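Trainee: Protein sequence lines correspond, in order, to chains A and B.
Numbering (the numbering used here) for the first sequence: 64 to 463.
Numbering (the numbering used here) for the second sequence: 23 to 289.
These are calculated hints, taken from the structure and not from any lab test.
Quick caveat, the model's predicted, so the values are computed rather than measured.
Among these hints, one or two may not hold up.
[As the list claims (entries may be wrong)] Anything over 12 Å on all C-beta distances counts as not near chain B; from chain A, calculated:
1. 88
2. 107
3. 204
[As the list claims (entries may be wrong)] Covered stretches of chain A (in silico footprint by chain B; criterion: 3 or more residues with CB under 8 Å from a CB of chain B, positions within the stretch not fixed):
4. 65-79
5. 269-283
6. 290-302
7. 456-462
By construction, the Cβ of each residue, glycine as well, lies at the ideal position given by its N, Cα and C atoms.
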Amino acid sequence: MWQVYVKELLELSRDRKTLMFVILLPVLIFPVIFGLMGLVAANVTANKQAEEHRYVIIHAERAPAFAEKLFYHKNFKQVSTELTDPEALRQAVRDGKFDLAVLIPADFDASMPTLVQSQWTVIYNTAPMLDLIGNYLKDLVKDYSRQLQQARLEAVGITGSQVDAVLEPVKMNKISSAENREDLGEKLGGWIAYLLVPLCFMGCSYPAIDIGAGEKERGTLETLLICPISRTSLVLGKFITVLTTGLATALITVLSFGGWGYLIGSLAGVDVIAKAMSALGFTDLLLILAMLIPLTMIFASVLLSLSIYARSFKEAQNYIGPMSILVFVPLALALLPGVELTWKTALIPMTNISLCIKELVKGTIDMGILSLVIASTVVLAGVLIAVCVHWFQREKVLFR
Amino acid sequence: MIEIRQLAKAFALEKGQKLSEAELQDVRYTGRSFCSVRDVSFSCARGEVLGLLGPNGAGKTTTLRMLSTALKPDAGSILLGNADVLQDPLLARRKIGFLSSSTGLYGRLTAFENVAYFARLHGMSEVALRERIDELFTMLDMHSFASRRAELMSSGMKQKTAIARAVVHSPALVVLDEPTTGLDIMTTQTVLDFIRGLKAAGTPVIFSTHHLDEVSSLCDRVVVINQGISAFDDSLSAFASLSSKGDLREAFMAVIKGEAVSCGKSM
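Please model the entire structure based on the sequences and the hints provided.
Mentor: Structural data, given as structure tokens:
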């Protein structure tokens, strides 16, 4: 078995594709992802914040204080229009003549105390995810409303701190029980598994194809089968090889994730990454790696079984290609809101690992459930290895 | 000595596989299976070279695969000396050297590494395997490309490496499936000389071939397999005598057409 293992490793170490999947990809993917995240986030926000939006205001004379606030806002530029009809204004916004139309009712009078709420209309494109116009307007209207409230209350003799007591009789001060780490873990933990697990799968897939179907295609399998070595030893030697490459990918991935995360977070000053990395310790990274071991065993046994069944390299790729998409399904399940690590979800393969990684990142892992996740994954991996060994004994599979 | 008796092997047809008219007429197709080998018997004694002949698809490779334990027969027996190959395949594999019809080398390993890998699988020590590889590389004139990767070798180099790999453990029986196919004249000669060397050392050799000149110059015994049955099993001279002119091609055609059958032992 070890002779097979050593030879397979030697051969794979001379293969460029294997080296690319096992070493290069995990080393480079994180700087690319982190770098892109940092750059794109910084650039998009900066560009959006520097954008100037052209606006028209109808009946500005009815609310001069508001019109003035809008006029002096750094992100707004007033343009003129003859239009007053809401539908015509909407069409003008759609046509790009201006970006925003604010319609103040003709009967609005800021100086007259009234108990009727005034309905203003704003027209702009609300589709963009980053609703900057909406945010700016919300702040302006809030300020202006507060100004009116204050004036009206002062008119009836309510001043100073009494204004706050009337406008906001109860103020809630929120104190979160969650640590910064838990908060970050909830947001980022699931995504970490989403990055790590597919890389482990990729680390196993190419070597599995090469030493299974590839061996059949090259005609070396037949020669190997007539050596004085049991088929169980033979398949276990191959299995351990695939497991090694998968684990090497996992190790390099975790190291790359930790290393690049630290470098980009602290040295390049990308805030969100620096916060995430400061929350994670060396032990957490080790535990994440430990979670990936039984998972990689599952990948190695399934991929090797499929590869041995295939007649050729191409056929194996046809089987394994769709599988790489299937890997994302249980991972996506773990990202759904409300899906938590429980005694039940601890038994769902891959979803359990993903949820566990999330809990590890949050720092809220239950050791009992963690043990169940590892045990159930190891048992499943064992069953799949047994299937793989059985598969390798069958002439129908080997000589298809 | 190896003795093969009444070997048979059938393969299930693929689901949905449709048979042609010719296949429907072929007696080897029964129900949903194809009987590749129906009844093959022959033996090969120490120091004997046995030529296994037959048209394409006759069952030669399946027979050799059963002989080498890669496939398990449905019926029959294989005795290698006193050992039952089917009962103890691991023991048999230690005693048999097999060269498949494809060279089957690991492209990213060198000639030395390819041969050494199989020597290690046969349980040879590092010292023993180095000595043996050196001996084989000298015999087959392989030292010049010992450290070249198989993916960069010529067909002749590959075949020499495959032969060295097949016999690195000094097997008691050597089985070669079409060892000279696609080789140039020089390499073919090296391979044939190597087989002669094995014969001289008393090692029985079974080799399948389509080259009747090789049969004529090397073989002591000829077995012709046709439609999964050993249709002829006798000495080379008995085979040649099937033709009035001693022409092996004519003799072969006579066996295939069913005009001549001999399963005697006239050596």
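Trainee: Do three or more residues from the stretch 290-302 of chain A put their C-beta atoms closer than 8 Å to C-beta atoms of chain B?
Mentor: holds (count 4)
Trainee: So residue 107 of chain A supposedly isn't at the interface. Is its beta-carbon more than 12 Å from every beta-carbon in chain B?
Mentor: Holds: least Cβ distance 46 Å, greater than 12 Å.
Trainee: According to a criterion of three or more residues whose C-beta lies within less than 8 Å of a C-beta of chain B, is the stretch 456-462 of chain A covered?
Mentor: holds (count 3)
Trainee: Does residue 204 of chain A clear chain B by more than 12 Å, comparing its Cβ with all Cβ atoms of that chain?
Mentor: Fine: 70 Å to the nearest Cβ keeps residue 204 of chain A off the interface.
Trainee: Do at least three Cβ atoms from the stretch 269-283 of chain A come closer than 8 Å to Cβ atoms of chain B?
Mentor: holds (count 3)
Trainee: Beyond 12 Å from every Cβ of chain B: is that where the Cβ of residue 88 of chain A lies?
Mentor: About 20 Å separates residue 88 of chain A from the closest Cβ of chain B, which puts it past 12 Å; holds.
Trainee: Count the residues of the stretch 65-79 of chain A whose CB lies closer than 8 Å to any CB of chain B, then report whether that count reaches three.
Mentor: With 7 residues closer than 8 Å to chain B, the stretch 65-79 of chain A meets the three-residue bar; holds.
Of the numbered hints stated above, none is contradicted by the structure.
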